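Q: With the hints as your guide, set chain B onto chain A.
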Amino acid sequence: NAGVTQTPKFQVLKTGQSMTLQCAQDMNHNSMYWYRQDPGMGLRLIYYSASEGTTDKGEVPNGYNVSRLNKREFSLRLESAAPSQTSVYFCASRGQVNQPQHFGDGTRLSIL
Amino acid sequence: AQSVTQPDIHITVSEGASLELRCNYSYGATPYLFWYVQSPGQGLQLLLKYFSGDTLVQGIKGFEAEFKRSQSSFNLRKPSVHWSDAAEYFCAVGGRPGNNDMRFGAGTRLTVKP
Chain A
1 NAGVTQTPKF
11 QVLKTGQSMT
21 LQCAQDMNHN
31 SMYWYRQDPG
41 MGLRLIYYSA
51 SEGTTDKGEV
61 PNGYNVSRLN
71 KREFSLRLES
81 AAPSQTSVYF
91 CASRGQVNQP
101 QHFGDGTRLS
111 IL
Chain B
1 AQSVTQPDIH
11 ITVSEGASLE
21 LRCNYSYGAT
31 PYLFWYVQSP
41 GQGLQLLLKY
51 FSGDTLVQGI
61 KGFEAEFKRS
71 QSSFNLRKPS
81 VHWSDAAEYF
91 CAVGGRPGNN
101 DMRFGAGTRL
111 TVKP
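Chains A and B, in that order, are what the protein sequence lines are.
Counting from 1, one number per residue, gives the positions in the first sequence under the numbering used here.
Counting from 1, one number per residue, gives the positions in the second sequence under the numbering used here.
Next up, chain A with everything else stripped away, as it sits in the complex (with noise of 0.2 angstroms):
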């Protein structure tokens, strides 16, 4: 029964330091995304990858790199952290195209 599951759920970084958020889902889904949700911004997407082998970016890819490294899992890398990607991050995926998506429980992202 674990669907999405996102790690870490907390991270605090400094300006500069790299890091790589992990997505891994069960359901078999084709679809994986990545979303930043600010105040009052709602969910923006990242990057998504609409089937194993596939990216392509969303709306706020800039400072952001994926990894669709195989059918279960979705990574999402930070090269060269900013104060401005301090959010909260979610994953999601999605199986047929008349599904909705789920997502995991977020990771909280502070950079310093």
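Worth double-checking, as some hints may not be accurate.
Under 10 angstroms between C-beta atoms, here's a sample of chain B residues computed to sit facing chain A [unchecked claim]:
1. 49
2. 51
3. 52
4. 56
5. 92
6. 103
7. 105
8. 106
9. 107
It should be emphasised that the hints constitute simulated quantities derived from the structure, not laboratory data.
In this text the structure is predicted, and so the values were computed from the model without any measurement.
Glycine included, every Cβ here is placed at the ideal spot set by N, Cα and C.
A: Just chain B now, kept in the frame of chain A:
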């Protein structure tokens, strides 16, 4: 590009009162539409979705939403609000075949007064 507008940032209603949360979208075709709810510190949970057919859709927890193409709206309603409905609500659009992009509104925070 698709977009979603939720005009109300914060709404306060009394317990037992009716609720309507507004959502307007911009999309080049008939959209897939969703409402999600987020409790503090949690991820998003799907309330309901519209893909096609009947424009009035029923969801979990007593919520319903009506798709109005002429108004580009997908408003969420509940006849009688419970204190446990206090949360943030997000409308989303997109995810049709050939377009995996999903866009969310900025959210409406619901406060329920006793």
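Q: For each hint, tell me whether it holds in the structure or not.
A: Tested hints:
Using the Cβ-Cβ criterion of 10 angstroms, the hint placing residue 49/B at the interface with chain A is satisfied: the shortest such distance is roughly 5 angstroms. For residue 51/B, the interface hint holds, since its Cβ comes within 10 angstroms of a Cβ in chain A; the closest pair sits about 5 angstroms apart. At its closest, the beta carbon of residue 52/B sits 9 angstroms from a beta carbon of chain A; the interface hint therefore holds under the 10 angstroms criterion. Restraint check, residue 56/B versus chain A: the minimum CB separation of about 18 angstroms is more than 10 angstroms; hint violated.
Because the closest C-beta pair between residue 92/B and chain A is about 8 angstroms apart, less than 10 angstroms, the hint holds. For residue 103/B, the interface hint holds, since its Cβ comes within 10 angstroms of a Cβ in chain A; the closest pair sits about 7 angstroms apart. Checking residue 105/B against chain A: minimum C-beta separation of about 5 angstroms stays under 10 angstroms; hint holds. Nearest Cβ of chain A to the Cβ of residue 106/B: about 4 angstroms, under the 10 angstroms cut. The hint holds.
At its closest, the beta carbon of residue 107/B sits 5 angstroms from a beta carbon of chain A; the interface hint therefore holds under the 10 angstroms criterion.
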